[in-house]
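So the chains spell out like this:
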Amino acid sequence: MFTADSHPGIVALADAAEGLPDAESAAAVRAHSVGCRECREQLAGLTAAHDALAGLSDVTMPDDVATRIAAALAAEFGAAPAGPPNAPTVLPRRRRRVGLAGWSAVAAGVLLICAIVASALQLGRSNRSPSASHPERSTATSSSHSFTVTDSGRAYTASGLPALVPAVVAGSRTGGARAPAAAAPPGAATDLAGVSALGRMRTDPRALAACLSVLSAPGPLLDPLGVDIGTYAGKPAAVFVFPTSGHPTQVDVYVEGAACAAGHDALLYFLRTGRPAGY
Amino acid sequence: MPDTVPPATPGAASRPVGAQPGDTDLLARHVAGDREAFGILVRRHRDRLWAVALRTLGNPDDAADALQDALLSACRRAADYRGEAAVTTWLHRIVVNACLDQARRRVRAATPLAAVPDVGDPHDRFGQRETALDVTAALATLPIDQRAAVVLVDVMGYPVADAATILDVPVGTVKSRAARGRAALALRLGYLRPRNQAASRDVGHGEEEGPRHVHG
Numbered sequence: 354m355f356t357a358d359s360h361p362g363i364v365a366l367a368d369a370a371e372g373l374p375d376a377e378s379a380a381a382v383r384a385h386s387v388g389c390r391e392c393r394e395q396l397a398g399l400t401a402a403h404d405a406l407a408g409l410s411d412v413t414m415p416d417d418v419a420t421r422i423a424a425a426l427a428a429e430f431g432a433a434p435a436g437p438p439n440a441p442t443v444l445p446r447r448r449r450r451v452g453l454a455g456w457s458a459v460a461a462g463v464l465l466i467c468a469i470v471a472s473a474l475q476l477g478r479s480n481r482s483p484s485a486s487h488p489e490r491s492t493a494t495s496s497s498h499s500f501t502v503t504d505s506g507r508a509y510t511a512s513g514l515p516a517l518v519p520a521v522v523a524g525s526r527t528g529g530a531r532a533p534a535a536a537a538p539p540g541a542a543t544d545l546a547g548v549s550a551l552g553r554m555r556t557d558p559r560a561l562a563a564c565l566s567v568l569s570a571p572g573p574l575l576d577p578l579g580v581d582i583g584t585y586a587g588k589p590a591a592v593f594v595f596p597t598s599g600h601p602t603q604v605d606v607y608v609e610g611a612a613c614a615a616g617h618d619a620l621l622y623f624l625r626t627g628r629p630a631g632y
Numbered sequence: 004m005p006d007t008v009p010p011a012t013p014g015a016a017s018r019p020v021g022a023q024p025g026d027t028d029l030l031a032r033h034v035a036g037d038r039e040a041f042g043i044l045v046r047r048h049r050d051r052l053w054a055v056a057l058r059t060l061g062n063p064d065d066a067a068d069a070l071q072d073a074l075l076s077a078c079r080r081a082a083d084y085r086g087e088a089a090v091t092t093w094l095h096r097i098v099v100n101a102c103l104d105q106a107r108r109r110v111r112a113a114t115p116l117a118a119v120p121d122v123g124d125p126h127d128r129f130g131q132r133e134t135a136l137d138v139t140a141a142l143a144t145l146p147i148d149q150r151a152a153v154v155l156v157d158v159m160g161y162p163v164a165d166a167a168t169i170l171d172v173p174v175g176t177v178k179s180r181a182a183r184g185r186a187a188l189a190l191r192l193g194y195l196r197p198r199n200q201a202a203s204r205d206v207g208h209g210e211e212e213g214p215r216h217v218h219g
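So the protein sequences, as listed, match chains D and C.
Note that the working numbering has the first sequence beginning at 354, numbered continuously upward.
Note that the working numbering has the second sequence beginning at 4, numbered continuously upward.
Hints listed in this document are in silico derivations from the structure and should not be mistaken for laboratory results.
The reader is advised that the hints may include incorrect statements.
[What the hints assert, rightly or not] Okay, the calculated bits of chain C under chain D, using three or more residues with CB under 8 Å as the criterion: (1) 29-43; (2) 70-80; (3) 85-92; (4) 156-165.
Treat the numbers as computed from the prediction; the structure is a model and nothing was measured.
Cβ atoms here follow ideal geometry from the backbone N, Cα and C, with glycine treated the same way.
One chain only, chain D, in its complex shape (with noise of 0.2 Å):
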């Protein structure tokens, strides 16, 4: 059926790996592909791409997500008994991570009304105390790393992440000045005790190392470029900038929730990017 000079195509090689065709014409292509290099070599392909998609890591729901997804449900819970029983409920939607000033004013009234079902979806958070008073910025540095916990309290977007490197980096390598004081970005009103969870990073080496390990497992701790507190998508943030091993002259940035601090993974957004001249 299958010669030196006529192979059979892709599909049919993928179809016969899988066992789909009938039994005659998957015994022909098999018995081609024992003495066909070409043939093997596709299948190896077929291979090299299942392996591919198998190497995926896992992921996690993100924080964010699931606070969504928690009030969704929770406003479920809490419609009027008295209302049709189908009555759509109507929640606005997410167009895009940027810009969430609204909704989470919206998220923080439903989580108000239902906060046990909420809380039934929330990753598992540290019993956090909010603290009154913001830490002061402090120069304070663990003595085994050569960096500044900044806390400039700058909005990070996805957009404009990969322009603020250098200076997240600048920052923590002289101990930088603390941005003008700015509003509190909408999100963070709600969420005092995240602000100051990943404040504490910037005073407490337990902290700092808690979210370090996060991001370094499973091994040793990493020392960052540079790391900076301030916000994302309307949530405290706190941006670390590593190098990228193997690669000189790239970054991996790594946008962290509030829950880092506790040493739990949080994370928003990861970008890998050009390494800041002269770092």
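With chain D held as given, fit chain C onto it using these hints.
This is chain C only, laid out in the frame that chain D set:
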């Protein structure tokens, strides 16, 4: 890849663990009016459901929208669940259908690469980083039917029979879509040189080529 634990099948989690209520119990409690049961059920499976939505749609915004629609729908339709499949399979089917609806509504392609965190190995000690970004982008180029099959079978590692139940198609159709999807990815990722024009044409489109498969 550091994680060598094989992924659980959709049906595995419905077996009760110790004194904890099983998935079927939770769903029944939800239908009976327990306000917390559905949230607990979702919490158990949310990471895998999120993975399916994210890998199928290719960007977190669409995935979050589809997942919200799906979970609200499941919440409301829980009384329709008849136990013909595992609760997780039922949940997966609703999520995948919501993703297919979302994908068919969308005109624009999935947003690339920086929007999909892939944190299994933050410092890429195993050299996986660039491959992961390419695969994610290449997945987004597949026709949605092939993409859904490949996500369930290859990415999530579910048995083909479970994927068939989730997609509500015969097992042969799942295998066929996954095979074509894998072939298209192999070409696009450069694991194969297009051997001839016919080979490229075969995988370039979403039609179900080849013989129909009859399954009992």
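Going down the list of hints, with the structure as the test:
1. 29-43: Three-residue rule met by the region 29-43 of chain C, so holds; n is 5.
2. 70-80: holds (count 6)
3. 85-92: Our answer is that it is violated, as 0 residues pass the Cβ test (under 8 Å) against chain D, missing three.
4. 156-165: holds (count 3)
Figure legend: structure checked against the earlier numbered hints; the only hint not met is number 3.
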